[in-house]
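Engineer: In order, the protein sequence lines correspond to chains R and B.
Residue numbers are given in our numbering: position 188 of the first sequence equals residue 188, and the series is strictly consecutive.
Residue numbers are given in our numbering: position 221 of the second sequence equals residue 221, and the series is strictly consecutive.
The set of hints was computed from the structure by calculation and includes no laboratory data.
Check the hints yourself; a few may be wrong.
Identical chains share a label here; the pair holds if one copy fits it or two copies do between them.
[What the hints assert, rightly or not] Subject to a maximum C-alpha distance of 27 Å in a straight line, what follows is the list of computed DSS-like cross-link-like pairs (lysine-lysine): (1) Lys-72 - Lys-31; (2) Lys-87 - Lys-307; (3) Lys-304 - Lys-274; (4) Lys-287 - Lys-304; (5) Lys-289 - Lys-307; (6) Lys-191 - Lys-10; (7) Lys-201 - Lys-137; (8) Lys-304 - Lys-134; (9) Lys-113 - Lys-10; (10) Lys-304 - Lys-117; (11) Lys-87 - Lys-267; (12) Lys-304 - Lys-113; (13) Lys-289 - Lys-304; (14) Lys-56 - Lys-304; (15) Lys-56 - Lys-267; (16) Lys-113 - Lys-31; (17) Lys-267 - Lys-93; (18) Lys-287 - Lys-307; (19) Lys-72 - Lys-117.
Number of protein chains: 2
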Amino acid sequence: MFDALPDEVKIVEVGPRDGLQNEAEHVPTDKKIQLIEALGASGLRHIEITSFVSPKWIPQMADAAEVAARVKLPPSVSTSALVPNLKGFESAKASGMKEIAVFMSATESHSQKNINKTIAQAVDTVVEIVAAAKAAKIRVRGYLSVVFECPYEGQTNLVEVVRLSNRLFEIGIDELSLGDTIGAAAPNQVKNLLALITDAKELARIALHFHDTRGTALANVLAGLDSGITIFDSSIGGMGGCPYAPGAAGNLATEDLAYMLSQMGIKTGVDLEKLVDCGQLAQEIVKRKLPGRYLQACLSSRAKRQKVEASQ
Amino acid sequence: MFDALPDEVKIVEVGPRDGLQNEAEHVPTDKKIQLIEALGASGLRHIEITSFVSPKWIPQMADAAEVAARVKLPPSVSTSALVPNLKGFESAKASGMKEIAVFMSATESHSQKNINKTIAQAVDTVVEIVAAAKAAKIRVRGYLSVVFECPYEGQTNLVEVVRLSNRLFEIGIDELSLGDTIGAAAPNQVKNLLALITDAKELARIALHFHDTRGTALANVLAGLDSGITIFDSSIGGMGGCPYAPGAAGNLATEDLAYMLSQMGIKTGVDLEKLVDCGQLAQEIVKRKLPGRYLQACLSSRAKRQKVEASQ
Numbered sequence: 001m002f003d004a005l006p007d008e009v010k011i012v013e014v015g016p017r018d019g020l021q022n023e024a025e026h027v028p029t030d031k032k033i034q035l036i037e038a039l040g041a042s043g044l045r046h047i048e049i050t051s052f053v054s055p056k057w058i059p060q061m062a063d064a065a066e067v068a069a070r071v072k073l074p075p076s077v078s079t080s081a082l083v084p085n086l087k088g089f090e091s092a093k094a095s096g097m098k099e100i101a102v103f104m105s106a107t108e109s110h111s112q113k114n115i116n117k118t119i120a121q122a123v124d125t126v127v128e129i130v131a132a133a134k135a136a137k138i139r140v141r142g143y144l145s146v147v148f149e150c151p152y153e154g155q156t157n158l159v160e161v162v163r164l165s166n167r168l169f170e171i172g173i174d175e176l177s178l179g180d181t182i183g184a185a186a187p188n189q190v191k192n193l194l195a196l197i198t199d200a201k202e203l204a205r206i207a208l209h210f211h212d213t214r215g216t217a218l219a220n221v222l223a224g225l226d227s228g229i230t231i232f233d234s235s236i237g238g239m240g241g242c243p244y245a246p247g248a249a250g251n252l253a254t255e256d257l258a259y260m261l262s263q264m265g266i267k268t269g270v271d272l273e274k275l276v277d278c279g280q281l282a283q284e285i286v287k288r289k290l291p292g293r294y295l296q297a298c299l300s301s302r303a304k305r306q307k308v309e310a311s312q
Numbered sequence: 001m002f003d004a005l006p007d008e009v010k011i012v013e014v015g016p017r018d019g020l021q022n023e024a025e026h027v028p029t030d031k032k033i034q035l036i037e038a039l040g041a042s043g044l045r046h047i048e049i050t051s052f053v054s055p056k057w058i059p060q061m062a063d064a065a066e067v068a069a070r071v072k073l074p075p076s077v078s079t080s081a082l083v084p085n086l087k088g089f090e091s092a093k094a095s096g097m098k099e100i101a102v103f104m105s106a107t108e109s110h111s112q113k114n115i116n117k118t119i120a121q122a123v124d125t126v127v128e129i130v131a132a133a134k135a136a137k138i139r140v141r142g143y144l145s146v147v148f149e150c151p152y153e154g155q156t157n158l159v160e161v162v163r164l165s166n167r168l169f170e171i172g173i174d175e176l177s178l179g180d181t182i183g184a185a186a187p188n189q190v191k192n193l194l195a196l197i198t199d200a201k202e203l204a205r206i207a208l209h210f211h212d213t214r215g216t217a218l219a220n221v222l223a224g225l226d227s228g229i230t231i232f233d234s235s236i237g238g239m240g241g242c243p244y245a246p247g248a249a250g251n252l253a254t255e256d257l258a259y260m261l262s263q264m265g266i267k268t269g270v271d272l273e274k275l276v277d278c279g280q281l282a283q284e285i286v287k288r289k290l291p292g293r294y295l296q297a298c299l300s301s302r303a304k305r306q307k308v309e310a311s312q
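Extracted from the complex, chain R is given alone in its bound form (with noise of 0.2 Å):
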């Protein structure tokens, strides 16, 4: 293990989209600009700010273009969005974004109980996507769901998520990131995927993306750097929860990522201070505690050095 650190890694923050989405109350807009640029003054580059999709399916993204549009960013920030058809694709391009995300499923049953398509018609979708994308240099992310483990068929079949992996990169898309919808996977669950995509061009344009579900994200992140990945997904104070088990931790926040990486000597960028002021706000917004442990640790200590301050 660490024969072959990277010397950076690229966080990819998902909380804006991947977090908010699944807030039942409304955020207002205002409040979601106020953390994407918050976010990308920590030194996030990398910032999923919305998701183009029917407000009748996620109401919560109904402001899609308005964010797009009003949110002001360093110009080493970028940000994409998520689209899921022709449809957002449009939108998306009309709101002047210059990456846009595709998702599907490694399972045909997630595949059908999430988005309502096979697997192959899911396919079918991101290739009139890509296509459009590619026409308008539009870059393209693609999310690989359930690559691990699947809430409805148990593990899941590594010889289909390297062969769907292949397929997404064959047909076009930049980067893809792969996905353990139900923070269920282990390290060595990690490795043998991993070991499973020999083409080196494409491992340094995937990305995994963990929930801390069950606490093992900071070790799979371990088991996808030993293994040459330089991409993760993280949502600022662990923000989305898991559909599947609600008021369990969901994705695995930023700042814990952004902790252990930058305690092993890897660069992010990211300001760790700073990012626990973004948790803060985040919280604020969504009016309760996130689960993110480096944020509830540094929040602690700050209320307990002012107690102190205070009393003095």
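The hints should help you fit chain B onto chain R, whose structure is shown.
Structural biologist: Relative to chain R, chain B alone:
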């Protein structure tokens, strides 16, 4: 990584002592015994049940002798108790304990603040207790705190940690638990420390004791496994806060550890469902949600299932 994973790992459950000792509210002796017996029934084979410490220091542990006398466990379960000095050792011995645990810090500042002794004075106490324990054929476990990061001194000097580890084995302890007391270590620090322990016989008797304060506990376990460690401490539900950051996560949760090991095909002897029952019981005892990730995910799934069943 994973070139030489162990077939089996020894989990040392420290919840009843390390977890409960930090509880402000008195926990009735009956409840403690109920929890310890449930932990034994879950397949855990090593449980630190109490601490023979002055009730003036830790009132929560005033019932140590009663707990030790009354708890009923299968013969396959070994128990131990923490002792701070010879007086505590004599009480533990009188209570029939077959294993005790001594403790000291790896930094002068933490040693002073925690037990009001220099490191040299703490070593003298250990010498005294170990001599008495050897005479009584009682097994001795040693805890060395703040081996990676100290809340007062920052990064701990690894050479000093190795010196103290060697000294403790030389004195005659049977097992040594190295503690990331403030939960700040990252996997590279674990690897770096263990690379300095060159004696294979010592390595086989070293346990790692992680806190999940910043989410890195299981990543650190992975680094430990990869360095040849086969003994890990954990606490049911992650019980046992971090005194330096009230409200933050403390001990690594036993369920999280057992889940990851089980997914990796490493035997622990533990039944995960029964462990979740223990976590639920621990929550009832301390009257709040515990930070363990697997516990919360599992309890949430159970609640969802019950809701579905009730509506059918």
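Engineer: Each hint should be assessed against the structure and marked as holding or not.
Structural biologist: Each hint, compared with the structure:
1. Lys-72 - Lys-31: within (13 Å within a copy, 56 Å between copies)
2. Lys-87 - Lys-307: Cα proximity of Lys-87 and Lys-307: none, with 53 Å in one copy and 37 Å across.
3. Lys-304 - Lys-274: within (19 Å within a copy, 37 Å between copies)
4. Lys-287 - Lys-304: Answer is both; intra-copy 21 Å and inter-copy 23 Å each pass.
5. Lys-289 - Lys-307: both (20 Å within a copy, 25 Å between copies)
6. Lys-191 - Lys-10: both (19 Å within a copy, 24 Å between copies)
7. Lys-201 - Lys-137: Within one copy only: 21 Å inside, 61 Å across.
8. Lys-304 - Lys-134: neither (52 Å within a copy, 43 Å between copies)
9. Lys-113 - Lys-10: neither (31 Å within a copy, 41 Å between copies)
10. Lys-304 - Lys-117: between (51 Å within a copy, 26 Å between copies)
11. Lys-87 - Lys-267: Answer is neither; intra-copy 38 Å and inter-copy 51 Å both fail.
12. Lys-304 - Lys-113: between (46 Å within a copy, 18 Å between copies)
13. Lys-289 - Lys-304: both (17 Å within a copy, 21 Å between copies)
14. Lys-56 - Lys-304: between (44 Å within a copy, 25 Å between copies)
15. Lys-56 - Lys-267: neither (40 Å within a copy, 48 Å between copies)
16. Lys-113 - Lys-31: For Lys-113 and Lys-31, the Cα distance exceeds 27 Å both inside one copy (31 Å) and across copies (44 Å).
17. Lys-267 - Lys-93: The answer is neither: 32 Å in one copy and 52 Å across copies each exceed 27 Å.
18. Lys-287 - Lys-307: both (23 Å within a copy, 25 Å between copies)
19. Lys-72 - Lys-117: Close neither inside one copy (36 Å) nor across copies (56 Å); limit 27 Å.
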